[in-house]
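Each chain is listed here by its residues.
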Amino acid sequence: MSTATLEPRVHAQRNYLNADYGWKSWLFTLDHKRIALLYMVSVTFFFIVGGSFAVLMRIHLIEPQGALVQPETYNKLFTLHGVVMIFFFLIPSIPAVLGNFLVPLMVGARDLAFPRLNLLSWYIYIVGGLFTLYSAIAGGVDTGWTFYTPYSSTYSNTQVTAVAIGVFITGFSSILTGLNFIVTIHKMRAPGLTWFRMPLFLWAMYATSIIMVLGTPVLAITIFLLALEHLFHVGIFSPALGGDPLLFQHLFWFYSHPAVYIMILPAMGVVSEIIACFSRKRIFGYKIVCFSSVAIAVLGFLVWGHHMFVTGQSVYAGLIFSMLSFLVAIPSAIKVFNWTSTLYKGSISYEAPMLYALGFIGLFTMGGLTGLFLASLATDVHLNGTYFIVAHFHYIMVGGAVMGYLGGIHFWWPKISGRKYPNGWAALAAGIIFIGFNLTFFPQFILGYLGMPRRYAFYPAEFQVLNVMSSAGATVLGVGYLIPLVYLMWSMRYGPIAEANPWGATGLEWKTASPPPTENFAEIPVVTEEAYAYSAEEAAGD
Amino acid sequence: MTDAEAHAEQAGMAHQFENLEQQQEADTLGIWLFLVTEIMFFGGLFASYAIYRWLYFAAFEGGSHILDIRLGAANTIVLLGSSLTMALSVRSAQTGNRRALILFLIATMILGGIFLGVKAYEYNEKFVEHVVPSLDWAPEGQTLARLAPGGLDHAQLYFFFYFAMTGLHAMHMIIGMGLLLWLVLRARKSSFTPHYFAPVEVVGLYWHFVDIVWIFLFPLLYLIGGRY
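So the protein sequences, as listed, match chains B and C.
So the first sequence is numbered by my numbering: it starts at 1 and just counts up by one.
So the second sequence is numbered by my numbering: it starts at 1001 and just counts up by one.
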């Protein structure tokens, strides 16, 4: 990094941000980097929308009899919170923002294989989002994000159809993204970039894309059948005509359980990049981490029945699903052990992205281990449908996926924006988020274990202390999320100019300018070394 | 900018690719992946069908006997014929025979149109016999006699699957017809050469896939149980 001062700071250098300024150059762009920014703005919007629903819920739950809204409204709040956060924030967050930006850069290509499909996917996402927002304004939905029949078919008089159409449409945007990534990773790698030289982020994106491509169509057909059932009462999920409501749950979870891995695998990819960079070491057991991503993608398709232990599912099916759910914990644990081993004797520096990554490891471990409670039949019967579940999946989705997303944003922000953010503020925000998150969700483990059911607008008075703790934590968490929003926007205009490789990281994305030119690379790079060759680089620098 | 010049020389090549071969490989892999998603899409429906057919076999057999097996068989032949003309279109594109390409594409469209016409007639028959679930469900006379043994409610489930599966298939056919029209228009402008015909190949694969779906739908819906 001693050469940094010698680099000329050419402000007017052509890059993808200043190539053109008109609104058309953004809305009709085929540049993967600009589409990534379109996605970034949109998922941030939906994060704020979904977060507001959560804020209202936590305010409501300060008092045992409910402090704010009618029970019907409460049902709509948790439904829309789930729908917006899962389908419109978590699933597109890392793949569509960081993946879109980084996959072509990391494989050393000029763009994704199908730039038009990429832009189309954003428009599809927006149309799906508008349907969902419309439903929220037109009266909301109260079925829970899982749309279980018959809540969503026979007994619902809310906007189920509009939300179903919204989710159905948005599914195609994630199919297109996944398809684009798989083709790009297969066919557009730079010369010398063999499969086992790829950064782990690419492996994670590849595994995620497989799930998107195989799982999402099943959700689409399920939602399609649900809409038909809701509109025409054709009876496919209605026992009145011999239909089976459980069939809906099977079809729904066949997608929606793997969807959890759509949310967490990309975050794991981000964390691998960050851990390697700030320990200045190659990831321990690189190949095993590659395969563990693929193993999670494959096994993830075989465990959906663990959502249905207390339904009418056969006990033998339950036993098999329980065993398979334990199996999927193995590749997840491998990753945690390998990150920890990478840290061992690394020269660690605690930059802001690293704080998020370390936070991820801790919170994901908590979320993963509590998942084992839910994978075993006997404990699940007690814990199913309680706040224990709520806490468990928030540790994975918020503690895991959102921490990964924020870590990734902080890691690649200099590349994306060409500017640096104030590191002190970033570290402070990471700390606040970590504390706020644990204060919000750890009490919910206890609440659930004591038997407080989820999705109720009221609760017994003895649970008030823990609920108030949780609501207080949510306030801290909310502040933690606002701080990065402010300083990142500030940095776009006032932040110090970032050099091409401010962290001294390996990987092709750091070999081009910050921000990259529209064509990514002046010349297509040739890869001659394995990923994370940190020790080699350090040695060469000496 | 020698790169850009080299790109401009090769018609039909997008800037993100290094050469035409890479683009062709990417296009082919892309359409195969898309077909995988289609298999999963129909798969959810086929799996549900299989469950209910297993649970309510008598009703599904009765429902199947309402369908006109001759129309179904004729449509199968029409669709297989369209797959042949589609394969010939791809071959014509490969050999650079523009006239034959356009002719075979139009022939494929005509056969697709015949299929959809027959399908529309069959749908109409269902309204005549009042076996449209939820919208027009009042089977009577001989129809009722055939459906009664399996239970009318369960027969309604059969017809729901009949409409959902053939309807989704027909929707894919209509999209395919649109794609064929697009190919004809491009072929008239001589967009395709023996080196660049990926769109014809890609649409061809899609068309064959839609055919194969019908090859499964025909026995599943029309040929349940012995009839003759």
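Note that these hints are calculated values from the structure, not bench results.
Even for Gly, the Cβ is constructed at its ideal location relative to N, Cα and C.
Hints are not guaranteed to be accurate.
Unchecked claim - Distance windows between CB atoms, simulated: (1) Gly385/B <-> Pro1149/C: 37 to 45 Å; (2) Gly192/B <-> His1195/C: 25 to 33 Å; (3) Ile1077/C <-> Ile320/B: 37 to 45 Å; (4) Pro1219/C <-> Leu130/B: 37 to 45 Å; (5) Leu1144/C <-> Val41/B: 34 to 42 Å; (6) Gly312/B <-> Gln1022/C: 49 to 57 Å.
Hints versus structure:
1. Gly385/B <-> Pro1149/C: 37 to 45 Å: 42 Å, holds
2. Gly192/B <-> His1195/C: 25 to 33 Å: 28 Å, holds
3. Ile1077/C <-> Ile320/B: 37 to 45 Å: 44 Å, holds
4. Pro1219/C <-> Leu130/B: 37 to 45 Å: 42 Å, holds
5. Leu1144/C <-> Val41/B: 34 to 42 Å: With Cβ atoms ~59 Å apart, the hint is violated.
6. Gly312/B <-> Gln1022/C: 49 to 57 Å: Cβ of Gly312/B to Cβ of Gln1022/C: about 52 Å, so the range 49 to 57 Å holds.
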